[in-house]
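Under the numbering used here, the first residue of the sequence shown carries the number 1, and numbering increases by one thereafter.
Think of the hints as simulated: they come from the structure by calculation, not from any bench. Hints may be right or wrong, so weigh each one.
No more than 16 Å apart at the CA atoms, straight line, and that leaves these computed lysine to aspartate or glutamate pairs for EDC-like [to be verified]:
#  : residue 1 : residue 2
1  : LYS102    : GLU264
2  : LYS62     : ASP128
3  : LYS50     : ASP100
4  : LYS92     : GLU31
5  : LYS250    : ASP268
6  : LYS92     : GLU125
7  : LYS118    : ASP100
8  : LYS50     : ASP17
9  : LYS231    : GLU195
10 : LYS50     : GLU31
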Amino acid sequence: MSLNIDYPNPVLSIEGDDYNDGCSFDISFKEEDIIVDENNICINAKCELKCNGLSELIRQGKAAIVVLIYSSAASYRRAFEFNATESAELTKVIKIPKFDVKRNIEFCGYILAKEDIKSFRCDGEFNDIYFREISFTVRKADVLAQGQMRTIPIDDSELEKPISSIFSIRKNTHSEAEIEANFDIDEKIVVYLSERLNQLFYDIKDFNNGALHRYLNGIVVYPVLVEGIAKIYEHYQNDDSGYSEKRWFKAIEYKLQGMGVNLEEGFDDRSYVELADKLLGGIAYDGLISMKNTIDEETNNGEYVNTGGVD
């Protein structure tokens with residue numbers, strides 16, 4: 001990567017010559033070691049720094065090693081700071097929420113000033129041809145070193161599981177509806193719950209270590225997924241849904257294809273309800289079983305008393 005910024009101070013970089021030979025800085029990773037788990041893209045990044053002056057600033061807490069991650073297609077931008085250490089080799093696992101990015105991730109390492117430095121100089125390491133005995137005034141957040149820019153392509157097919165993770169449950173602050181879905185505003189399907197329903201959802205969600213989580217998904221996520229499948233059907237029939245680049249669309253589409261569903265032929269007349277249940281791993285049965293088991297446990301513990309009458 002070429003530096004396209006004229007920095008006011010020497011910057012250590014692979015393509016620059018502000019520093020003498022023997023000084024180097026970069027943050028690298030191996031693509032084959034990238035892990036995609038349920039929630040994150042995990043990059044095992046390694047920093048290699050050979051520069052006594054910059055290493056000393058980091059040790060003193062006056063500079064920081066930082067990785068800047070951004071995904072322009074998703075308007076995602078975030079900096080990840082390495083912990084200060086005396087070692088010249090550092091590793092850090094960078095976790096990026098996988099639904100916050102799409103298409104590509106841009107990755108670049110930096111060393112940044114953490115405070116104003118009045119007399120910045122790396123004795124014996126600056127290129128004497130340019131700088132001789134000159135020192136520099138550095139402001140907080142100024143760039144002191146820059147690594148290579150790397151692009152990580154995202155395979156959407158790896159980011160779709162579990163299918164329930166493509167939903168974002170939020171409190172409804174814009175209407176009086178108890179529950180409504182929005183397929184447009186995010187890479188996930190946003191499910192809005194009324195204030196009282198949202199409170200109940202999160203109260204029950206963590207009950208008994210999440211024993212009723214499947215039951216809740218059956219109530220809230222299942223019907224919305226049916227609507228999502230319908231939108232995919234409409235797309236294949238009319239090719240004008242406008243959703244085909246959304247992560248939720250690709251996730252459901254990929255799963256349906258893996259189930260052998262013929263998307264081009266109208267889903268082979270299979271029921272959306274049936275498909276949604278299978279996509280969620282048999283949510284109808286699992287949800288009711290989780291509720292039954294919870295009731296049975298409460299009954300056996302003497303914490304549940306049946307006070308109902310006969311229907």
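Under the constraints set out in the numbered hints, which ones does this structure not fulfil? As far as the earlier hints go, 1, 2, 3, 5, 6, 7, 9 and 10 are violated by this structure, in ascending order.
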